Amino acid sequence: MENLDTGSLKINLKQNGNKVTMTWEGESDSRNPMIILTPYFDNLLPELNEKELIIDYTQLKYMNSSTVAPIIQFVKKIDNFQINTIILYDGNSKWQTASFKALQTLSAKMKYITVKGKTP
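Residues in the sequence shown are numbered from 1 upward in steps of one, following this note's numbering.
Hints are not guaranteed to be accurate.
To be verified - Within a straight-line C-alpha distance of at most 20 Å, the following computed SDA-like cross-link-like pairs (lysine to any residue) qualify: (1) K109 to I83; (2) K19 to L53; (3) K77 to P39.
Claimed, not checked - Just the calculated beta-carbon pair ranges, DEER-fashion: (4) S65 to G17: 28 to 38 Å; (5) L13 to K61: 18 to 28 Å; (6) A108 to G7: 31 to 41 Å; (7) K118 to K10: 10 to 20 Å; (8) E50 to K94: 33 to 43 Å; (9) N16 to S65: 24 to 34 Å; (10) I35 to M1: 18 to 28 Å; (11) Q82 to P120: 23 to 33 Å.
Worth flagging that the hints you see were computed from the coordinates, not collected in a lab. Remember, it's a predicted structure, so these values are computed and weren't measured experimentally. Glycine residues also receive a C-beta, built at the ideal position from the N, C-alpha and C atoms.
I would like the entire structure built from these sequences, with the hints used as guidance.
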């Protein structure tokens, strides 16, 4: 499993036994993040098979609206792969709460995805 570093955005992966934590840091401000994120996620999916995944966005400082589509695509694929996943966002951040509201609504219909606002 490889990390991703675009300069402004870093996605760090840490595996501990059967659990993988994916931490997003920095800013996702690309006009078309799908070009980078979709192939990265597609290569990662087979490696996540039969693992539990935590996706932590709490360290993400900024995400433009163009980033939402590849995240939603990835989450749908994770659910199809039957990977138990918890998605964490900063519940004290207004922009994160607004950005992840749609994903929270969508995940209610998914079997393997849980979205939670994390507060200290």
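Results for each hint:
1. Between K109 and I83, the direct Cα distance comes to roughly 15 Å. Compliance with the 20 Å bound is thereby established for this hinted pair.
2. Between K19 and L53 the CA atoms are separated by roughly 6 Å; this keeps the pair inside 20 Å, and the hint holds.
3. Between K77 and P39, the direct Cα distance comes to roughly 13 Å. Compliance with the 20 Å bound is thereby established for this hinted pair.
4. Judged by the Cβ atoms, the range 28 to 38 Å given for S65 and G17 holds: they are separated by roughly 36 Å.
5. A beta carbon spacing of about 19 Å between L13 and K61 agrees with the range 18 to 28 Å that was offered as a hint.
6. Against the hinted window of 31 to 41 Å, the Cβ-Cβ separation of A108 and G7 comes to about 35 Å, which satisfies the hint.
7. One distance hint, 10 to 20 Å for the beta-carbon pair K118 and K10, holds here, with the actual separation near 19 Å.
8. A C-beta distance of roughly 37 Å is found between E50 and K94, which places it inside the suggested range of 33 to 43 Å.
9. Remark: the range hint 24 to 34 Å for N16 to S65 is upheld by a beta-carbon distance near 33 Å.
10. Distance hint for I35 and M1: a CB-CB separation of about 21 Å, consistent with the stated range 18 to 28 Å.
11. Distance hint for Q82 and P120: a CB-CB separation of about 32 Å, consistent with the stated range 23 to 33 Å.
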